[in-house]
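**Student:** Once you have looked at the hints, place chain B on chain A.
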Amino acid sequence: MLEGVEGASLKMHKNIKENQKNGINCGLHCIKIKDFKVTAGDDSTILEHINFHIHCGQLTAVIGKNGAGKSTLIKAILGEIPHEGTIECRDMKRNVFQDIRIGYVPQYLNIDKNTPASVYDMFASYIGRFPVFLWKKKSLYQEIKGYLRVFEAQDLIDKAIGDLSGGELQRVLLSLAITPPPNLLLLDEPVSGMDQNGLDLFYNNLDYLKKNYDLAVILISHDLEYIEKYADYVVLLDKSIKKEGTPKEVFGSREFVETFGRRGFDGSGI
Amino acid sequence: MEAVFSFLSYNFMKNALLAMVIITPLFGMLGTVIVNNRMAFFSDALGHSAFTGIALGVILGVEDINMSMAAFAVLFALFLNYIKRKNTISTDTVISVFSSLGTAAGLVILSGNGDFSKYSALLVGDILSITRREILLLEAVFVISVFFWLFFFNWLHAGSINETMARSKKINTVLADNCFSVLMAVIIMLSIRWVGILIINALLILPAAASRNLASNMREYHGYAVMISMFSGILGLLLSYYNNTAAGPTIVIVAAAIFFLTLLARPYVK
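The listed protein sequences correspond, in order, to chains A and B. So in this note's numbering, spot 38 of the first sequence is number 38, and the numbers just go up one at a time. Count along the second sequence from 1, add 1000, and you get the number used in this note's numbering.
Careful: at least some of the hints might be erroneous.
Unchecked claim - The calculated DSSO-like cross-link candidates involving lysine-lysine, where the alpha carbons are at most 30 Å apart (straight line), are:
1) Lys1170/B / Lys159/A
2) Lys242/A / Lys32/A
3) Lys34/A / Lys1086/B
4) Lys75/A / Lys37/A
5) Lys1170/B / Lys32/A
6) Lys75/A / Lys1084/B
7) Lys1170/B / Lys137/A
8) Lys210/A / Lys1170/B
9) Lys211/A / Lys248/A
10) Lys1170/B / Lys211/A
11) Lys145/A / Lys159/A
12) Lys65/A / Lys1084/B
13) Lys1170/B / Lys34/A
14) Lys211/A / Lys75/A
15) Lys37/A / Lys1170/B
16) Lys243/A / Lys75/A
17) Lys138/A / Lys1170/B
18) Lys1086/B / Lys239/A
19) Lys113/A / Lys1170/B
20) Lys65/A / Lys1086/B
21) Lys1086/B / Lys75/A
22) Lys1084/B / Lys37/A
23) Lys1170/B / Lys145/A
In case anyone wonders, no lab produced these hints; they're calculated from the structure. Small disclaimer: the values here were computed from a predicted structure and weren't measured.
Next comes chain A alone, as it looks inside the complex (with noise of 0.2 Å):
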């Protein structure tokens, strides 16, 4: 059983090879946020009236203030905390709907300079059963640097995560979010302290996985200029949805300005 659900995952990924072949990026799957809503424990809500749409291929951020409830929509999409209103994945060619598998990059990870994992303990004991105080599963060694390679961070497996860089983490992050290939890809925030060539390689990345994934994705930012130059579609809020569209439209309207400032009028603020 353990081997069926690892043997799974790598013939999705299989699959994916070939539509990045035939450059597949069907856009027929749609994901709906309908009506959600998040009280805290004392009744003050924390968001309401959280209605939007997002398509595979498509890279929705979201941007807003701090305290603005960016974290707390991408634990409600995960079912970590109690919400009001439902997600649903629609497969539009066949009209069914279907499960949703969710990817998640998370801020932080809860570990230090010291932490005794490699990157294959960290992989392995998110997508296998295999026990990983045991030894090396050569199998699951191998299956693990293929999805690696896809961010070209194959060369790290051996390394313990508490000495990657950044950016390497963050390749790796990405490389597990995306095994098995989710439908919903979220990104909270991944993006701190990263230098700019770690941002570019970063953004890049995001726009080759929804060029070549059937996936849509939801990243939480507050690079604006990034946003206006990798996103599809964004969404700006504020305990409601204040305003969204197209980077251009949302950039360019008042309710922007109210929440950043003439600064990022232009796009060129942070």
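**Tutor:** What follows is chain B alone, placed relative to chain A:
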């Protein structure tokens, strides 16, 4: 050589040694997760809850004190886990409040008739009084724990790196966490009479903490932790026999010495 092994001519030393060989690898193993998840305070509180468990056993007239101790510790562990997940106030503070309350209530009840002295052996433990029957019980726990570890360790590890990411991979972190806490409660309670309430936490934490200084992956982490734990257990027992000191504290001193050695060795190993 013969002089060194002369202690084996005593049955109580044979039993004590056998118990050490069973308990210490378990402690090393459990410690890896306790240290990774920063649960040192949690396990300490569990140890102290033994007082309450014994007191309840006395009040309710339970014949086998082991039972009332284990039952109370399991409930206490699940309760602490529940509070941790609620995450409303600082977990450390809450644990501390309940731990001190439990200890105090237990001590008040046990000293009720002015005779606490028969329980004072619990503070430092007495490994030499262990019987064959009790060793059999430890063996059973050992087997269960190893199976648990084979099955659940990956989940525990995934949850400790990032819980939300683990949930996105459909890993039931709450189940794994609760099972781990229950296992920890049972193991602590069954060994506390041999090791002692005051020092049991040191035996759980020190081997894993020392191992972290040397290990850079999960196999090394487990290997070193188990070896350090067994080594300190056996050496400590022998030293206590020849120097006529209490076994538990002697073991802790050996383990602490190893911890400081690994701290010094760290820059050269990692």
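**Student:** Against the earlier hints, flag every one the structure doesn't satisfy and list their numbers going up.
**Tutor:** none
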